[in-house]
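Following the hints, position chain B against chain A.
Given next are the chains, with one letter for each unit.
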Amino acid sequence: MPASVEVPTQPGAPAPEPPRRPSVGTRLISLVGELCIIAGAVIGLYVVWQLFYTDIVADREQAEVVDNLDWAYTGPITAGEGADDGPLVIPAELRLSPDTAPVMDEPAFGETFATFYVPRWGTDYVKPISEGVTRTEILDVLGIGHYPDTGMPGALGNFAISAHRTTYGKPFNRIAELQDGDALVVQTEEAWYVYRMTDDLIVQPTQVEVIAPNPYDDAAAPDSHYITLTTCHPMFSAAERYIVHGELEYWAPTGNGVPPEILEEIPQP
Amino acid sequence: MIFPAVWRILPGPAWLRVVLLLILIAAIVVVLFQWVYPWFSVTFDIQDQNVEAVP
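Chains A and B, in that order, give the protein sequences.
The opening position of the first sequence corresponds to residue 0 in numbering that gives the first Met the number 0, with each subsequent residue numbered one higher.
The opening position of the second sequence corresponds to residue 0 in numbering that gives the first Met the number 0, with each subsequent residue numbered one higher.
Chain A on its own, in the form it takes in the complex (with noise of 0.2 Å):
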């Protein structure tokens, strides 16, 4: 028996031979492969947070916050078959006069004061609109912003509002759907504010004149009581800004009923 047989075995012997380790190059390749996995994968997570993730929470949020307004209108939208069905309508000569309309004061950054409701997006479409236009604090999470310093609802001037087109709950997903006539219609706690759109255009992320409070001529007096959307354009681009003016057709105190346009039931695309 040939002690040189068991001298790899013995203990204390040096290991046998491991694998060839890959040479430099191949190793800095396959780390390079490794990276652009890694990569690809977390810029794809990106585009699933961003086109779905942020959709579901800000749905929830926003959803939420219209449930914790107690003066909300969130009942039955669709109005009912008979006379009797359906809920309350505002009577004709409880739709006031603009020039007559209160105006409140502008409330607290951050605070939800008015809802939202375009019949052209459908009879369940219902938004809440806050107080500032900061992306973290108002549009990410509570939907509609409020430009600080523009009018109120009812205002003499420009109730000027803003929201995302895309992603975060989409609030003006369907800006370009809107037609000239289409109701826009804003609840407070005091009031209801229908609206009727009159124009759309495409600017320059810049011309601020659109929300000036005489949004066809910034330099002179306000002249009507407006109410201006500002939305991204195109979708998924920061390069321009989709614009729709309205202008006040009428108000009526809360408590009456809701106004007979947010039951209007408009064909869905």
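Everything labelled a hint here was simulated from the structure, so no lab data went into it.
Do not take every clue at face value.
[Stated by the list, open to error] Computed Cβ-Cβ distance ranges for the label pairs, DEER-style: (1) A:220 - B:25: 57 to 65 Å; (2) B:19 - A:265: 12 to 20 Å; (3) A:267 - B:27: 48 to 56 Å; (4) B:19 - A:136: 15 to 23 Å; (5) B:24 - A:55: 13 to 21 Å; (6) B:30 - A:107: 27 to 35 Å; (7) A:110 - B:6: 29 to 37 Å; (8) B:22 - A:73: 39 to 47 Å; (9) B:17 - A:60: 44 to 52 Å; (10) A:235 - B:19: 32 to 40 Å; (11) A:55 - B:16: 29 to 37 Å.
Predicted model, so just to flag it, every value in this text is computed and none were measured.
Quick reminder that beta carbons are idealized off the backbone N, C-alpha and C, glycines included.
For chain B alone, kept in the frame of chain A given last:
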């Protein structure tokens, strides 16, 4: 390189390593979704819907 190293560092039998790996991936996704992506999106202003004076 990275992937084999992670596999080596994780303890236990293969099934336990797979479980640990899934937990690790889930934790990374949570961190990305909650903090990294919101920070990135706001910092680089990929989409903005306000009109404002030239910054």
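Cross-check of the supplied hints:
| no. | hint | result |
| --- | --- | --- |
| 1 | A:220 - B:25: 57 to 65 Å | holds, 59 Å |
| 2 | B:19 - A:265: 12 to 20 Å | violated, 54 Å |
| 3 | A:267 - B:27: 48 to 56 Å | violated, 40 Å |
| 4 | B:19 - A:136: 15 to 23 Å | violated, 38 Å |
| 5 | B:24 - A:55: 13 to 21 Å | holds, 20 Å |
| 6 | B:30 - A:107: 27 to 35 Å | holds, 33 Å |
| 7 | A:110 - B:6: 29 to 37 Å | violated, 52 Å |
| 8 | B:22 - A:73: 39 to 47 Å | holds, 40 Å |
| 9 | B:17 - A:60: 44 to 52 Å | violated, 35 Å |
| 10 | A:235 - B:19: 32 to 40 Å | holds, 37 Å |
| 11 | A:55 - B:16: 29 to 37 Å | holds, 32 Å |
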